[in-house]
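Asks: Next come the chains, spelled out residue by residue.
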Amino acid sequence: GAVVSQHPSWVICKSGTSVKIECRSLDFQATTMFWYRQFPKQSLMLMATSNEGSKATYEQGVEKDKFLINHASLTLSTLTVTSAHPEDSSFYICSATNQGNALYEQYFGPGTRLTVT
Amino acid sequence: EDKVVQSPLSLVVHEGDTVTLNCSYEVTNFRSLLWYKQEKKAPTFLFMLTSSGIEKKSGRLSSILDKKELFSILNITATQTGDSAVYLCAVEGAQKLVFGQGTRLTINP
Chain A
1 GAVVSQHPSW
11 VICKSGTSVK
21 IECRSLDFQA
31 TTMFWYRQFP
41 KQSLMLMATS
51 NEGSKATYEQ
61 GVEKDKFLIN
71 HASLTLSTLT
81 VTSAHPEDSS
91 FYICSATNQG
101 NALYEQYFGP
111 GTRLTVT
Chain B
1 EDKVVQSPLS
11 LVVHEGDTVT
21 LNCSYEVTNF
31 RSLLWYKQEK
41 KAPTFLFMLT
51 SSGIEKKSGR
61 LSSILDKKEL
71 FSILNITATQ
81 TGDSAVYLCA
91 VEGAQKLVFG
101 QGTRLTINP
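If you read the sequences in order, they're chains A and B.
Just so you know, my numbering puts 96 at position 96 of the first sequence, and the rest follows in order with no gaps.
Just so you know, my numbering puts 19 at position 19 of the second sequence, and the rest follows in order with no gaps.
Among the hints, a few may not be true.
Listed next, the stretches of chain B that the computed footprint assigns to chain A, with coverage defined by at least 3 CB atoms under 8 Å from CB atoms of chain A [said to hold, decoys possible]:
#1 30-41
#2 58-71
Just a few of them, taken from the derived set where beta-carbon distance is under 10 Å, the chain A residues facing chain B [claimed, not checked]:
#3 6
#4 44
#5 64
#6 93
Keep in mind the hints are simulated off the structure, nothing from the lab.
A virtual CB, placed ideally from N, CA and C, is assigned to each residue, including glycine.
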């Protein structure tokens, strides 16, 4: 089956610093990658949709200058949380698909737990 | 605005019991409804439903969709402690998946 990895699996950083999270599709080419955020005991909220080679589309209320997304290749997307604050502490999950409009064919990564102190 | 609501939010039962989890939705351009199981990390796919009234079944788990009343249920029979998890319902709209809040299921031995 399709495998998506994320790195790191957890990270602690100080307030004001930036953190980069990588999402890789290991055995398929991901034309589209999605970034989700999940706060404790809440559901997954889509942050942005990223297509290889083009700018990410952000959901309403997500600051694109704060959450920088780069999808430079068909197997790698990165999310950089800039000037992180404690309220950015969350579980960040990416997913990837190579099925174009078939959104149900998303393969999820294992997630990255970010704690900002 | 697209919305997916799950109930109950939390459920605690004994091993061997049968549980029913509910998911209702309001989504424009509905394409499919998905159920996922989330333990400690990423959600794992359980079912995809697109047509009303057709039950999908996998072992002790089954699910059905009612597109007229805009809801789905997930049944788990003869529950086991390994079924303890958060169960997420998501609806595929035109541009994205919209997730419900999840139902936290705890199975006590």
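Asks: Compare the structure with each hint and give your call.
Replies: Going down the list of hints, with the structure as the test:
{"no.": "1", "hint": "30-41", "result": "holds (count 4)"}
{"no.": "2", "hint": "58-71", "result": "violated (count 0)"}
{"no.": "3", "hint": "6", "result": "8 Å, holds"}
{"no.": "4", "hint": "44", "result": "5 Å, holds"}
{"no.": "5", "hint": "64", "result": "16 Å, violated"}
{"no.": "6", "hint": "93", "result": "6 Å, holds"}
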